[in-house]
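K.L.:
With chain A held as given, fit chain B onto it using these hints.
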Amino acid sequence: MENIKLEGTGRTPEISFNSQTGNLVISGRSIPENSIAFYQPLFDWLDEYIKKPSLDTIFEFNLEYFNTSSSKCILDMLRKLELLSERQHNTSVKWYFDEGDEDMEESGNDFKSLINLDIELVMKS
Amino acid sequence: MLDVYNYYKQMQEESVILYFKGEITNSLLTSILQMVDDRLEHKSEDVKTKKKVFSVLLECLQNIYNYQQVSEFGSEHLLSAALMIRRTDDAYHIITGNFVENTMVDTLKEKIDRVNSLDADELKEFYKEILVVNEPTPSGGAGLGIIDMARKSGNKILYHFEDSENEYSFYSLEVKVPIK
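These protein sequence lines map, in sequence, to chains A and B.
Residue 1 is where the first sequence starts when you use the working numbering, and the numbers rise one by one after that.
Residue 1 is where the second sequence starts when you use the working numbering, and the numbers rise one by one after that.
Pulled out of the complex, with its shape left as it was, chain A reads as follows:
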């Protein structure tokens, strides 16, 4: 399957989904007013990916900002990975936050408590 590589914009994050390496990265700002329109192709890609995943999957969230409309989409992506993990595939999530950014750290903890996945909170220094 094709990899996804999208440049970030002022409103949407940079995306790099690689099905060969299993490295999925989302970084920058995710603040579109209609997040479904942006995330739908990513959901579709993930649905395909989990049918034939790489040996290990690492999903990295390195976000500066995300709006509440994106948070629903983030949860939905994590749920897809949860399925992968339930099928005994190595699946891990890294949630990055800047030192002192308690809100971003808290958000990581929110998702961690909602999803049955190994979500590691990583402080950037």
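Keep in mind that a hint or two might mislead.
As a list, the in silico DSS-like pairs of lysine-lysine whose alpha-carbon atoms are at most 27 Å apart [to be verified]:
(1) LYS21/B / LYS9/B
(2) LYS112/A / LYS43/B
(3) LYS152/B / LYS112/A
(4) LYS124/A / LYS128/B
(5) LYS21/B / LYS124/B
(6) LYS21/B / LYS128/B
(7) LYS80/A / LYS128/B
(8) LYS94/A / LYS176/B
(9) LYS48/B / LYS156/B
(10) LYS112/A / LYS124/A
(11) LYS94/A / LYS109/B
(12) LYS80/A / LYS94/A
(13) LYS51/A / LYS5/A
(14) LYS124/A / LYS43/B
(15) LYS21/B / LYS124/A
(16) LYS80/A / LYS9/B
(17) LYS112/A / LYS124/B
(18) LYS124/A / LYS180/B
(19) LYS48/B / LYS112/A
(20) LYS94/A / LYS48/B
(21) LYS94/A / LYS128/B
(22) LYS51/A / LYS124/A
Keep in mind the hints are simulated off the structure, nothing from the lab.
In this text the structure is predicted, and so the values were computed from the model without any measurement.
P.N.:
Just chain B, lined up with the frame of chain A:
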């Protein structure tokens, strides 16, 4: 001639750093966010404060924008909204005003009153509850904006509804983000 100096003095006295009135279009939303981003950068505000102000502002404006996409206003001036940002010694005040249909008033009041009645831990739980169950509305909003504003600001949300004309009320909202 209109007394601009008078407006200026009043805004100066009330520590207004930004005032806007008009329709919040998509491209305007981008410009406002960019402008506020620059302004916060210029004031060398603490990164925590900066992020909180930006997030709250974003949710306020997207709430207005999303509401405008789903409502059917009879007249164009009802699409006009107001945005004001004040920087006082201890806080940024993000204040918005927009027209809403009267039928929305009770729902909004109930929602904000509920949010205002919760402490930080309860807000966290409420946020997660809505995140998990709520399907997004067609305009993309998940109904989490108000809760997020309360969580990020750590303050009660102030609001007021003013009867304006026939089926509409003018809905004012103020969120105070403390300066660290």
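K.L.:
None of the hints should be skipped; say for each whether it holds.
P.N.:
Taking the hints in turn, this is what the structure says about them:
no.: 1; hint: LYS21/B / LYS9/B; in the structure: 18 Å, holds
no.: 2; hint: LYS112/A / LYS43/B; in the structure: 35 Å, violated
no.: 3; hint: LYS152/B / LYS112/A; in the structure: 19 Å, holds
no.: 4; hint: LYS124/A / LYS128/B; in the structure: 25 Å, holds
no.: 5; hint: LYS21/B / LYS124/B; in the structure: 33 Å, violated
no.: 6; hint: LYS21/B / LYS128/B; in the structure: 34 Å, violated
no.: 7; hint: LYS80/A / LYS128/B; in the structure: 18 Å, holds
no.: 8; hint: LYS94/A / LYS176/B; in the structure: 32 Å, violated
no.: 9; hint: LYS48/B / LYS156/B; in the structure: 19 Å, holds
no.: 10; hint: LYS112/A / LYS124/A; in the structure: 18 Å, holds
no.: 11; hint: LYS94/A / LYS109/B; in the structure: 38 Å, violated
no.: 12; hint: LYS80/A / LYS94/A; in the structure: 15 Å, holds
no.: 13; hint: LYS51/A / LYS5/A; in the structure: 20 Å, holds
no.: 14; hint: LYS124/A / LYS43/B; in the structure: 24 Å, holds
no.: 15; hint: LYS21/B / LYS124/A; in the structure: 39 Å, violated
no.: 16; hint: LYS80/A / LYS9/B; in the structure: 55 Å, violated
no.: 17; hint: LYS112/A / LYS124/B; in the structure: 13 Å, holds
no.: 18; hint: LYS124/A / LYS180/B; in the structure: 21 Å, holds
no.: 19; hint: LYS48/B / LYS112/A; in the structure: 22 Å, holds
no.: 20; hint: LYS94/A / LYS48/B; in the structure: 21 Å, holds
no.: 21; hint: LYS94/A / LYS128/B; in the structure: 20 Å, holds
no.: 22; hint: LYS51/A / LYS124/A; in the structure: 33 Å, violated
The structure fails to meet hints 2, 5, 6, 8, 11, 15, 16, 22 from the earlier list, while all remaining hints are met.
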